[in-house]
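Residue numbers (my numbering), protein chains in the order written: chain Z, 1 to 223; chain F, 1 to 406.
What the hints contain is simulated information worked out from the structure, not anything from laboratory work.
All values reported here derive from a predicted model rather than from experimental measurement.
One or more of the hints may lead you astray.
[Unchecked claim] Computed Cβ-Cβ distance ranges for the label pairs, DEER-style: (1) Z:E59 x F:G192: 43 to 49 Å; (2) F:G192 x Z:T94: 36 to 42 Å; (3) Z:A211 x F:R180: 35 to 41 Å; (4) F:R161 x Z:V14: 54 to 60 Å; (5) F:R90 x Z:A211: 24 to 30 Å; (6) Z:A16 x F:D16: 38 to 44 Å; (7) Z:V14 x F:R90: 33 to 39 Å.
Every residue, glycine too, gets a C-beta built ideally from N, C-alpha and C.
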Amino acid sequence: MTNQPQRSPRTASVSAADITGEYGPFAGFDRIHGVTFDGNQVWAATGEALVAFDPANGEVAHTIEAPSDAGTTFDGKHLYQIAASRIDKIDPSTGRVLHSIPAPAEQGSNSGLTWAEGSLWVGQYRNRRILQIDPADGRVLRTIESDRFVTGVTWANDELWHGTWENDESELRRVDAVTGDVLTRVQMPHGVVVSGLEFDGKDTFYCGGAASGKVRAVRYPKG
Amino acid sequence: MDSLIAASARALAAGDPLGALRLVALREDPSALALRGIAMAQLGDFVRARDLLRRAARRFGTQEAVARARCVVADAEVALAMRDLRGTTRALQSAAALLASHADLPNAMLARLIVARRLLLLGKLDAAAQALHEASAPGAPARLAAVHALIATEIALRTLRIADARYALAQARSAASTARVPALSAEIERMGDALMRPAARRLQRGAQHALNLDEAAALLHSGALVIDACRRGVGIGNVWRPLATRPVLFTLALQLARAWPGDVDRETLIADAFRLRCPDDTHRVRLRVEIGRLRTLLKGIAVIDATARGFALRPTEAGDVAVLLPPIDGERASLLALLADGTAWSTSALAVALGVSQRTVQRALGDLQAQGRVRAVGLARARRWMAPPLTEFTTILLLPAGWAFG
């Protein structure tokens, strides 16, 4: 562990999460890891399969059999999925794995995954940090330290957000992508945990609900 | 939760402990240690499993109290599988309370079922029944409901409430078929077989016939005066006078009951009770003293009349006298019958009860232990012996559960 500067929580604005919708649990799948949004459908990683549903009505459109143990993301064309110790690049129309890279190793507890500006960003749960990696070969480009266990990660426009989860307490946090300083905290109700996290590009976060088997929609905080 | 932990838990749930181990073998964080512990337990290495689970519990920080409590429950379950009944259940009880307060009701229920089973193994039937009552949870997962009903069956069996046992067994069977866990269904079938097997023999006017548990229970509740050589005592209805620690008195009572309604001559009584062939006058005095003690113990349910050649038993209220013998003969049968009362016996108490030397008891126990029919708790002077319950449960641990450690 490196020496970290003390971060004052008073600088961050704190609010309670405004949960606007709940999806699932989906028949046959009892937990949700990563989530992503392809512009039309929400994709949720369940361990054995990726489930795509319509956020308008929650109906499952299709599923792809794929080992899916943590974060999921969409780069505009392909899905990326963390499976055990690798990241698979998947064609969403066929479910075929096109390419795989090793997930960041070094006792990594890889959890969340998102795509932005040509890079993959990997949240490491117990290591409390976010890595920026090269999607071609998995090389680590940058490390952002956090002071909480990091679950899902996502970019909301030019803001970096990540989920935290410690002992049935979860928050969505906006952090400074350079220093890791916490800028905004959105608190989930007690017992509602966030595994995966995704911003829909407009006003909504989708949050994977781990063992609840649910995906929840949370409004982007005002102010 | 991270990908390797999720993948490892997925492998465990799919019944692949080796695959689960492979994914987290080199990791030392508490979630990985916990999953390695569960995998080792599924592979049968209980000692290593407990070490891993305890290390995991220590490493989970105060921010991860739920994960820590799950480790405590898993460790207790492995301890139960090892029949390590040392220590208290305090940690387990507080883990149950914490899990319940965090809405992890299945694991809270599991913790309480472990407490009940532990008490049952120790033969503390009342406490086990109380713990089982506290473990009840509406809407519990089927596999836990099945285990709950199995424990209820066993408590009912050991207190000879056979109808209750059958009812609980039927509940266990239906829950187990919902849960679809083969090991659990097998346990229930074994328990069903135990209900059918001969449980005792009744001796009546020189003839013997086998009784199953129903018939034995019916006899015990029939209002007859029952001299019970299985549990070593004399009973009528709800009255029970234990003679397990008074072997001479029990032998006398048994001889008198066998001869009922006739009498038994003094020489026979002396030879049997004192194990002597050539009695003299001092033994007749001793016999009188022992008969006096037996009269005191049986006061209110039977009297012992002196006859010209010896003594005769006369029940004061019951119209009938029945002798109940263990289902099989021999010293080991009575040893098992003694242990079947559910209490933990010391070797010296068994020797007193059977009227044989401690060495003889130790030899017999050694053989029975090798056959897995009795087990010991504690060491040296504190060692106590117990017969297994009517069934040996497989551990709930071996069932794939929703293990989530972080």
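Going down the list of hints, with the structure as the test:
The hint said 43 to 49 Å for the Cβ distance between E59 of chain Z and G192 of chain F, and at roughly 46 Å that hint holds. Range check, G192 of chain F to T94 of chain Z: about 52 Å between beta-carbon atoms, so the 36 to 42 Å window is missed. For the hinted restraint 35 to 41 Å between A211 of chain Z and R180 of chain F, the CB-CB distance of approximately 20 Å leaves it violated. A beta carbon spacing of about 58 Å between R161 of chain F and V14 of chain Z agrees with the range 54 to 60 Å that was offered as a hint.
The hinted range of 24 to 30 Å is satisfied by R90 of chain F and A211 of chain Z, whose Cβ atoms lie roughly 28 Å apart. At about 41 Å, the beta-carbon gap between A16 of chain Z and D16 of chain F stays in the expected band of 38 to 44 Å. Roughly 38 Å separates the CB atoms of V14 of chain Z and R90 of chain F, a value that falls within the hinted 33 to 39 Å.
Violated hints, in rising order: 2, 3; the structure is consistent with all others.
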